[in-house]
Amino acid sequence: MAHVASSASEAARARTATSAAASGRRGLFLLAALLVALPIALPNAYFYDVAIAVALNAIVCVGLNLLIGYAGQISLGHAGFFALGGYGSAILSGTHGWPAGLALLASSAAVGLLAFVVGRPTLRLKGHYLAMATLGLGIIISIVIATEDRVTGGPDGMPVPPLALLGWKIHGELAWYALTGAALLFTVWLALNLIESPVGRALRALHGSEVAAETLGIASAAYKLRVFVLSAVFAAAAGALTAHHAGFITPVQGSFMHSVGLVIMVVFGGMASIFGAVVGAAVLTTLPQVLTVLKDYEMMVFGAVLIVTMVFFPHGIVPTLARWWARRRA
Amino acid sequence: MGSQWLQYVAGGVTAGAIYALVALGYSIIFNASRVINFAQGEFVMIGGMTAVTLVGAGAPLAVAVPLAVAGAIAAALLLEKVAIEPARQADTVTLIIITLGASLVLRGGAQIVWDKRVHSLPAFSGDQPLHLLGATVLPQSLWVLGVAAAAVGALSWFFGRTLFGKAMLATSYNPLAAQLVGISTRQVLFVSFGLAAMLGSLGGVLVAPITFTSYDVGIMLGLKGFAAAMLGGLGSFGGAVLGGLLLGLAEALGAGFVSSAYKDAIAFVVILAVLFFLPGGLLGARRIERV
Numbered sequence: 001m002a003h004v005a006s007s008a009s010e011a012a013r014a015r016t017a018t019s020a021a022a023s024g025r026r027g028l029f030l031l032a033a034l035l036v037a038l039p040i041a042l043p044n045a046y047f048y049d050v051a052i053a054v055a056l057n058a059i060v061c062v063g064l065n066l067l068i069g070y071a072g073q074i075s076l077g078h079a080g081f082f083a084l085g086g087y088g089s090a091i092l093s094g095t096h097g098w099p100a101g102l103a104l105l106a107s108s109a110a111v112g113l114l115a116f117v118v119g120r121p122t123l124r125l126k127g128h129y130l131a132m133a134t135l136g137l138g139i140i141i142s143i144v145i146a147t148e149d150r151v152t153g154g155p156d157g158m159p160v161p162p163l164a165l166l167g168w169k170i171h172g173e174l175a176w177y178a179l180t181g182a183a184l185l186f187t188v189w190l191a192l193n194l195i196e197s198p199v200g201r202a203l204r205a206l207h208g209s210e211v212a213a214e215t216l217g218i219a220s221a222a223y224k225l226r227v228f229v230l231s232a233v234f235a236a237a238a239g240a241l242t243a244h245h246a247g248f249i250t251p252v253q254g255s256f257m258h259s260v261g262l263v264i265m266v267v268f269g270g271m272a273s274i275f276g277a278v279v280g281a282a283v284l285t286t287l288p289q290v291l292t293v294l295k296d297y298e299m300m301v302f303g304a305v306l307i308v309t310m311v312f313f314p315h316g317i318v319p320t321l322a323r324w325w326a327r328r329r330a
Numbered sequence: 001m002g003s004q005w006l007q008y009v010a011g012g013v014t015a016g017a018i019y020a021l022v023a024l025g026y027s028i029i030f031n032a033s034r035v036i037n038f039a040q041g042e043f044v045m046i047g048g049m050t051a052v053t054l055v056g057a058g059a060p061l062a063v064a065v066p067l068a069v070a071g072a073i074a075a076a077l078l079l080e081k082v083a084i085e086p087a088r089q090a091d092t093v094t095l096i097i098i099t100l101g102a103s104l105v106l107r108g109g110a111q112i113v114w115d116k117r118v119h120s121l122p123a124f125s126g127d128q129p130l131h132l133l134g135a136t137v138l139p140q141s142l143w144v145l146g147v148a149a150a151a152v153g154a155l156s157w158f159f160g161r162t163l164f165g166k167a168m169l170a171t172s173y174n175p176l177a178a179q180l181v182g183i184s185t186r187q188v189l190f191v192s193f194g195l196a197a198m199l200g201s202l203g204g205v206l207v208a209p210i211t212f213t214s215y216d217v218g219i220m221l222g223l224k225g226f227a228a229a230m231l232g233g234l235g236s237f238g239g240a241v242l243g244g245l246l247l248g249l250a251e252a253l254g255a256g257f258v259s260s261a262y263k264d265a266i267a268f269v270v271i272l273a274v275l276f277f278l279p280g281g282l283l284g285a286r287r288i289e290r291v
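Note that the protein sequences, when read in sequence, are chains A and B. Under the numbering used here, the first residue of the first sequence carries the number 1, and numbering increases by one thereafter. Under the numbering used here, the first residue of the second sequence carries the number 1, and numbering increases by one thereafter.
Please keep in mind that the hints were generated in silico from the structure rather than gathered at the bench. Check each hint, because a few of them may be wrong.
To be verified - In silico contact screen, one side only, chain A against chain B (beta carbon under 8 Å); selected entries: (1) I74; (2) H128; (3) I139; (4) T147; (5) P159; (6) P161; (7) L166; (8) F256; (9) M299; (10) L306; (11) P314.
What the hints assert, rightly or not - According to the in silico footprint, chain B covers these stretches of chain A (three or more CB under 8 Å from chain B): (12) 130-136; (13) 262-276.
As the list claims (entries may be wrong) - Simulated DEER-style distance windows between Cβ atoms: (14) A:T286 <-> B:E85: 27 to 33 Å; (15) A:P162 <-> B:G56: 47 to 53 Å; (16) B:V269 <-> A:K169: 38 to 44 Å; (17) A:P155 <-> B:F257: 20 to 26 Å; (18) A:L166 <-> B:S260: 42 to 48 Å; (19) B:W5 <-> A:T286: 50 to 56 Å; (20) B:L169 <-> A:A221: 32 to 38 Å; (21) B:S125 <-> A:P162: 57 to 63 Å; (22) A:L216 <-> B:R34: 24 to 30 Å.
All of these numbers come straight from a predicted model, not from anything done at the bench. Ideal Cβ placement from N, Cα and C applies to all residues, glycine included.
Here chain B stands alone, though its shape is the one from the complex:
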């Protein structure tokens, strides 16, 4: 019984770390523009699929992974330049529709560049499971947790210690005031797309050996990352990490003890329950609407 619990927790934390990376991407772009970027899941897909192709072509993982992340960042920056930037003055709803259009372009493009089949990436350090306190853990899970933790650490250093990171935070608090002190909010938005794609594609590469990847993995991963960001409170970085981990745990425990057929629904049941009873998310600021 105890080891079963541990087994589910290990799986849940691994999935949760991926959701956290995707959720951070949502929050970063939301902070820069108040827009929900529905193409976030496609960055995850591009990361995983590019890595699969490069490894298939004989590149070592140490080369393939950075190149895959760079590819996703390039796609995101291009997207921001050609689709988001020209419509920056439009309504939020219009911008959301544009990101939805972008996700169709990216997914449709992936279907042409690659195919509609399911691919897998070799695990980073073998498939020999480790035994921890009676639970079996894949070494890839440790990679997921380690790299995700490192990414979160690097991100908090970036936002806390660098001038540009602080400029991005300032923009999220008050874009007009940020502009007045000389911050280019346009540049902030550009960089936020790059950062979000970096985190998402990192998640996509890390999870590809465990859950496989295909041209359409971005839909569900993107939506669950969105739910995780909402759970922690949209725009809060700590909230995104906490929301991701909680969602991963709830999903793993729910699938293990309640119903595995409804695994994908659990994340959304949790988020509905939270929204109905705690409308600001777990760590979200209590917002007062001004008239």
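In isolation and in its complexed conformation, chain A is listed as follows:
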């Protein structure tokens, strides 16, 4: 009897697993279709700029959500990696004359290496202690950037050369939109594959209970470190793209408030939901653009929207709506 019940529940689990993979694939197609169709609705360069900013933030958030939502490890310092990616690429291509594409890759790889080195002692910490340590790392990075003005231009920032990939110069809003949209699709595809792989299952297991995961032979420290490095590389690459797109970079990119902004996007959209991260980035990147009509009231209204959303959608927008939709269909 027990055997039958367990095999039935196994079958049910297998079914939900395949349906999760299928809904992930459906979501990816939907996102691709949306990205292709969006230019029809974008009337001018300003709207393209917003769409590009959404895509770049979404790349960071998808990576960050792997760390926060799936592996259960908070980071309040990812803006530090974002800014380092941007400054690294700016300094290599601007000051040292490297080709911008190569500079972007090298700087993202260097940030990954840094995350590997600092991640080892940091990820041993849990909960609030981990929040404090990542927050400290982010603040130290941003203070170093603002202080070493001979290399970084200090608080005034520095210019960043335009991006060229394999001799093809990325120029104009449409080209940038295509590049960042493709990068976002690639990131989402990678993240979806990752969470359906043994690595993804290991991450979710250690989120539930690290001790239980360890007894099943999951090397939790190694998995946490890997996803930390991956999310840092996503942040660094998006930071470098942002810098090349804007043509300028300032230490504000690495500020504590920017780190907080990224975490807010992840939690707002929905933790442990890849598309939640994309939705969170889209809503919270466009909201300040809409709120600029409120001028001085912008910060206050943004905070109030955040509070109200989190009170009524404590699990984030996408998971709450998905649950509501599933209940309606059942």
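With chain A fixed as given, assemble chain B onto it according to the hints.
Frame of chain A; chain B shown alone:
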């Protein structure tokens, strides 16, 4: 050389006393709810800015200071009622995001009520520096130390000698058991916000004559207070005071002897070093995770 040391120590202890007051606020709210209240720094700002406005309108300090503290307490209680209370069942991360949203509302509100300029408060008893063993000390520093010490004393009396204080401690040890003996943990959380705002705004008023104040002073002061609370061990009141003083000293000595450009980074370098080698903080209980 000796007097230089003394000079840095005097500055460090003054800043440290402020960090200690902010850190105590973090620990009080953490004990009542396991939540890190990222709006704690804004209470410091509200205290300082309200006092500046009242003094500017001609109120004497003896009236302005209590009113400024009362204003911050009112803001905190309102915040608890409208934002924290309705979401009490939510995850800790969700609650933390709510406190971050609250800090944006308070900072954005301050930007409208006041402005984006830097303000200063007149020192409580003049700017004539005192000479102590070769170091010059501002009389305001003595005010900071005296009032902070009095606040810590009053707090330890409250937690050690009053029924409600003991109820708050009981809630921090075990909320469920506290509820079973008839303690309203909901009320404990409400009062903890008031207490945290009182301590933070007191710090904000005391430090305003020395370091000035503006709508965004809450960010750095809040983060350093958080670091101080962590340094001493989150939730430990003695630890918060010790952590605050140590952080203030490390910052003053580091800025004096190593690099003044990196003054703001020192607190975070110290806290990272401590977390990597002593993950429970200096006075934190050795916690054993149960499965």
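Each hint tested on the structure:
1. With a cut of 8 Å, the hint placing I74 (chain A) at the interface with chain B holds, because the nearest CB-to-CB distance is about 7 Å.
2. Given hint, H128 (chain A) at the interface with chain B, holds; its Cβ is 6 Å from that chain's nearest Cβ, closer than 8 Å.
3. With its C-beta approaching chain B no nearer than about 5 Å, I139 (chain A) sits inside the 8 Å limit, and its interface hint holds.
4. This hint holds: T147 (chain A) has a C-beta 5 Å from the nearest C-beta of chain B, less than the 8 Å allowed.
5. Hint on P159 (chain A) is violated. Least Cβ distance to chain B is approximately 23 Å, over the 8 Å limit.
6. Hint status for P161 (chain A): violated, given a least beta-carbon distance of 28 Å to chain B, over 8 Å.
7. Hint status for L166 (chain A) relative to chain B: violated, with the closest Cβ pair at about 40 Å, above 8 Å.
8. The criterion of a C-beta within 8 Å of any C-beta in chain B is met by F256 (chain A), whose closest approach is roughly 7 Å, and the hint holds.
9. Taken as an interface hint, M299 (chain A) checks out: its beta carbon lies about 3 Å from the nearest beta carbon of chain B, inside 8 Å.
10. Interface restraint check for L306 (chain A): the shortest CB-CB distance to chain B comes to about 3 Å, inside 8 Å, so the restraint holds.
11. A least Cβ separation of about 4 Å between P314 (chain A) and chain B falls short of the 8 Å threshold, and the interface hint therefore holds.
12. Counting residues of the segment 130-136 of chain A whose beta carbon lies closer than 8 Å to any beta carbon of chain B gives 5, which reaches the threshold of three, so the coverage claim holds.
13. A count of 5 residues in the segment 262-276 of chain A with a Cβ less than 8 Å from any Cβ of chain B is obtained; the coverage claim is therefore met, three being the minimum.
14. For the pair T286 (chain A) and E85 (chain B), the beta carbons lie near 30 Å from each other, so the given range of 27 to 33 Å is met.
15. Against the hinted window of 47 to 53 Å, the Cβ-Cβ separation of P162 (chain A) and G56 (chain B) comes to about 50 Å, which satisfies the hint.
16. Remark: the range hint 38 to 44 Å for V269 (chain B) to K169 (chain A) is upheld by a beta-carbon distance near 42 Å.
17. Restraint check, P155 (chain A) to F257 (chain B): a C-beta distance of roughly 25 Å satisfies the suggested window 20 to 26 Å.
18. About 46 Å separates the C-beta atoms of L166 (chain A) and S260 (chain B), a value consistent with the hinted range of 42 to 48 Å.
19. For the hinted restraint 50 to 56 Å between W5 (chain B) and T286 (chain A), the CB-CB distance of approximately 54 Å keeps it satisfied.
20. About 36 Å separates the C-beta atoms of L169 (chain B) and A221 (chain A), a value consistent with the hinted range of 32 to 38 Å.
21. As the Cβ distance of S125 (chain B) to P162 (chain A) is approximately 60 Å, the hint placing it in 57 to 63 Å holds.
22. At roughly 28 Å, the beta-carbon separation of L216 (chain A) and R34 (chain B) lies within the given 24 to 30 Å, and the hint holds.
Checked against the numbered hints above, the structure violates hints 5, 6 and 7; every other hint is satisfied.
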